[in-house]
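First to last, the sequence lines map onto chains V and Y.
Be aware that the first sequence starts at 1, since it is given in the numbering used here, and climbs by one per residue.
Be aware that the second sequence starts at 1001, since it is given in the numbering used here, and climbs by one per residue.
Calculated directly from the structure, the hints in this document are not laboratory data.
Take the hints with a grain of salt, since some may be wrong.
As the list claims (entries may be wrong) - Just the calculated beta-carbon pair ranges, DEER-fashion:
hint: 1; chain 1: Y; residue 1: N1055; chain 2: V; residue 2: G121; range: 50 to 60 angstroms
hint: 2; chain 1: V; residue 1: K77; chain 2: Y; residue 2: D1333; range: 47 to 57 angstroms
hint: 3; chain 1: V; residue 1: S101; chain 2: Y; residue 2: D1049; range: 31 to 41 angstroms
Backbone N, C-alpha and C fix where the C-beta goes; we use that ideal spot for every residue, glycine too.
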Amino acid sequence: MDDFYRDYILDHYRNPRNFGTIDHPDATAEDLNPLCGDQIRMDVAVAPDGTVADVKFSGKGCAISQASASMLTETVKGMKLEDVARLSKEAVLENVGIGISPTRMKCAMLGLRVLKSAAVGEIAGWPDEE
Amino acid sequence: MRALESKAARIAADFPILGTTTSRGKRLVYLDSAATSQKPQAVIDALVDYYANYNANIHRGVYEIAARATDAFEDARAKVAAFLNAQTEEIVWTRNATEALNLVAYSWGTTNLKPGDVIVTTQIEHHSNLVPWQLLAAKTGAELRFIPVDARGVHVLDDLDALMAGARLVAFSHVSNTLGTIAPVAAIVAAARKAGATVVVDGAQAAPHLAVDVKALDVDFYAISGHKMLAPTGIGVLYGKRALLEAMPPFLAGGDMIRKVEYEKTTFNDLPWKFEAGTSNVADAIGFGVAIDYLDDIGMDWIRAHEREMFRYALEKLAPFEARGLAIYGPRDPELASGVLSFNFADIHAHDLASILDTEGVCIRAGHHCTMPLMEKMGWPATARASFYLYTTTADIDALVAALERAAAVFKL
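Could you put the whole structure together from the sequences, leaning on the hints where they help?
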């Protein structure tokens, strides 16, 4: 598990990308990891062609949840909202790399869960349980 | 210190799990006894012995093993009663301290509280000693008030008499599971008595670590969980003063809690069985009795002295980390705290810290410790918590310190 905390994970944790909120977002969602109380909100601005024009995340929590959310915001910019709604667990794991223990999987998936919730307009399931 | 240390090492040898290694080949260093304690071989053996040799339902069978099971079950109750300095009929088996507190809330609370009555609790409570009173207040129209705690998590008693005005029920934890704070029981009970309030104490974190005498504390109810004091999970106790328990209606209804049942009405059983509907958790109650024997044999005074030493040793070893961003929460005076060390390390989130410590075999708890309002008040998103018990050794604390160095390296502090 300690192999997991690579330089780029720590960098995203300490310098999160697209951190903040969007005034009047077209889509937004917020949720907690019930296990540890990690909290993430995702705001999305949608372009006329249905792609993600801008995305911001805010919240607090562990390096895994915050870095994973930060990397996810970079992945989805320009992506069609319907494709965001179909993103899988593997897409996140591709970003964060190997080594997430089962007990911390929900931390890694919190950002994706919230972003998918924003995309479909309701709280989605946990990506690791699909 | 050396004598305490070698005794702790001998005690640790009685706990089979403490001789195991993790999947990474690290010695298991268990510093999460505030969540649940480990179990000595004697307790494990007692469970196997019951199921292998005299498993039978209690209070009913006329055959030999049924009588033996009933005797063992009731002997265990007598042991817990002696441990708390209570009468045997004042000891009600529950699943855990949470169920014991809920029993008071539902049975005593809904019968005795009316709109405008005041329930006083504190800002440091575990959810199990807060949520039942929130529900009770909502159900009865009572008002909930809180004894504040300061930045160290120590009770502030300046306005205690004013807070107690109109109090019918006062509920507080003897020891905080998050910060280890030992409550000023005598002062709170005195103020509660002056107001004419009934006093219920959550002793889940105290009874494993301190000698508890419910008569000397002069409390009305005292709740404990077996699993935090060497016993199996699923067994706890509510102590209640006899007169109060006798006046209370049953909590759960069913078999074993009755004397005579007719189609239209029922006469209830005597104390304590009036509150024990259905087949009890026989095996785990017997295991609780064996755990009490073990604690009695070691002695609660020794356990308290040992945990004080471990707390002092940990503070001394962690002191150099404070210049590197380690923040220690809760009272530091070992007289005010019991075996719990809550902390955060620089910008490492408590969950990341716990994950890295886990790779070194060191088990700690991270999160809100079921005290979300306290965490919110203190402004801590989460804390890491190392907690000590009779089997904790200086080697365990040295392992914690070494694992913190590892975390500092991983996070490039």
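The hints, checked one at a time:
Taken as a hint, the range 50 to 60 angstroms holds for the pair N1055 of chain Y and G121 of chain V, whose Cβ atoms sit roughly 55 angstroms apart. For the pair K77 of chain V and D1333 of chain Y, the supplied restraint of 47 to 57 angstroms holds, since their beta-carbon distance comes to about 53 angstroms. For S101 of chain V and D1049 of chain Y, the Cβ-Cβ distance of about 37 angstroms falls inside the hinted range of 31 to 41 angstroms, so the restraint holds.
The earlier numbered hints are all upheld by this structure, with none contradicted.
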